[in-house]
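Following the hints, put chain B with the ligands in place on chain A, whose structure we already have.
Chain by chain, the residues:
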Amino acid sequence: MAKHHISTTINGEPVEFLCETQQTLLDVLRDELGLTGSKEGCASGDCGACSVTVDGRLVCSCLVLGVEAEGHSVETIEGMADGENLHPLQQKFLEEAALQCGICTPGFLIAAKSLLEKNNNPTETEVRYWLAGNLCRCTGYDKIIRSVLDVAADMRSA
Amino acid sequence: MNTSQYEAPGSVDEAVALLANAKGNARVLAGGTDLLVQIRMGMADPALIVDIKKISEMTTVTAENGGFRIGAAVSGAELNENAAVKSMWPGIVEAMDLIGSTQIQGRCTLAGNLCNASPAADSVPAMIAADMTCTIAGPNGRREASVGSIATSPGKTSLADGEIVVSLFVPAQNATGGDAYLRFIPRTEMDIAVVGVGVNLTLDGNGVCTAARVSLGAVAPTALLVDDAAKALIGTKVDDAAMDNLAAAASAACNPINDKRGTIEFRTKVAGVIARRTAAIALERARSN
Ligand SMILES: Cc1cc2nc3c(=O)[nH]c(=O)nc-3n(C[C@H](O)[C@H](O)[C@H](O)COP(=O)(O)OP(=O)(O)OC[C@H]3O[C@@H](n4cnc5c(N)ncnc54)[C@H](O)[C@@H]3O)c2cc1C
Ligand code: FES
Ligand code: FES
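Chains as they are written, first to last, in the numbering used here: chain A, 1 to 158; chain B, 1 to 289.
So that you can see chain A by itself, here it is in the shape it has in the complex (with noise of 0.2 Å):
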């Protein structure tokens, strides 16, 4: 069976690439196009290390094949700081001491953002039930919550 040819955007590009039914997105991005920032934990949607956005919505891109990237928009932790400048909660996540071994890092990194572009006053549920998707075997989580409570909060007196 012939590869298929998929026309996407990633990270504001415009991205083409081959491949066969079964790949995942996340096979895609790591093994074709050399974005290996997303991470594969489990390969059946529990840790949440896979996590990107397709037209603004959080999903595992492990659970989401490749050719069903077809004209849409997929945003990557690739796509997440600004050339040198991190994202706030880059920057936050590094001061706060976030992460440890860092395999966690960008599907939380990712998932957070897309909360805090819907809600940027979250409460403390909020946040631990929006990030529960995502599994860190190693911070135990508090600093990862309070890192993306205090993004909330420089973002509301910004």
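Accuracy of the hints is not assured; some may be wrong.
To be verified - Which residues of chain A face chain B? A partial, calculated answer using Cβ under 8 Å:
1) L18
2) Q22
3) G45
4) V59
5) C60
6) G133
Since the hints were made in silico from the structure, they are not lab data.
Idealized CB from N, CA, C, for every residue including glycine.
Positioned in the frame of chain A, the structure of chain B with the ligands alone reads:
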């Protein structure tokens, strides 16, 4: 994995033709949150995947006869953002919202939850309590079926080869009706229901329950509509005695399995407890309507 062909047709007729020609070795792809996991685990290996998300009839929610027609490809996140559905049927929306994480919500659908036919599917008891129906398209045209008639046993449905759920219909809620869904899980998020209960009830001007539907999930091979539980409420003011009878009827209807999440004894007991709590929420909503 041999999956080779992927199609994203623009109409229901094309989707049905593709599925019918594949003679059973094809799967519908809605949000993929069950299907892609099953393919990855080797539990499914369809030769053809038919993505329904490019079919406009299946991606919209429209008002119909005072209720709503919900396209089969509408995601949990989209349903949750629909203020009209949420205010009329909060129980259905909260059941759907319990599925998975924010990421899963971006993709999962009511119809996928129904057609995956898990006994623990969260949205199904809420849909049965609301007396929802679905429109099914197949090689012989369209037919209507109740939501409760779709799952026949774990992982199996009454859909024939080539049949596809096009949309789900929820009727108008009664002016003094209320619905609710609750589940018991060992964790607070991201887990599979040990028991799930959907309740939909209507009160008259004196606060007497005139109609009720109670559905239980995860305590039998398919979600149950428990008439005795409804009868326990109808004709009462949904007082403590009625709630006791409801809980007893819910427990009596259970035919669960033992597994790591709960024993038979535990599930049977908890079904009554959760039925009571769910009915209390539905009652509160009916009173404030
Ligand atoms: C991490 C994680 C957590 C989860 N948590 C929960 C949970 O808490 N509660 C719960 O109930 N479920 C849960 N699920 C399971 C799953 O998300 C739900 O069952 C979801 O509603 C499936 O919808 P979908 O659109 O993704 O289905 P898909 O995977 O696209 O489809 C599911 C099945 O239905 C068939 N199908 C889909 N649409 C149609 C149609 N229109 N007509 C005919 N057949 C169709 C498909 O071929 C497939 O066999 C979870 C899954 C994951 C990965
Ligand atoms: S790799 Fe996608 S959720 Fe874990
Ligand atoms: S920092 Fe290691 S898993 Fe989160």
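**Prompt:** Does A:Q22 meet its interface restraint, that is, does its C-beta lie within less than 8 Å of any C-beta in chain B?
**Reply:** Holds, about 5 Å.
Taking the least C-beta to C-beta distance, is A:V59 closer than 8 Å to chain B?
This hint holds: A:V59 lies near chain B, its Cβ roughly 4 Å from the closest one there, short of 8 Å.
Restraint satisfaction for A:L18 [CB to CB of chain B, less than 8 Å]:
Hint on A:L18: violated, closest Cβ of chain B at ~13 Å, above 8 Å.
Double-check A:G45 for me: the hint is only fine if its C-beta lies closer than 8 Å to a C-beta in chain B.
Holds - the Cβ of A:G45 comes within 8 Å of chain B, reaching about 6 Å at its closest.
Item checked: Status of the A:G133 interface restraint (C-beta, 8 Å, chain B) -> Where the cut-off is 8 Å and the nearest Cβ of chain B is about 2 Å from A:G133, the hint holds.
Against chain B, with CB atoms and a cut of 8 Å, does the hint on A:C60 hold up? Because about 5 Å separates A:C60 from the closest Cβ in chain B, which is inside the 8 Å limit, the hint holds.
Hint check: a violation occurs at hint 1 only; the rest are consistent with the structure.
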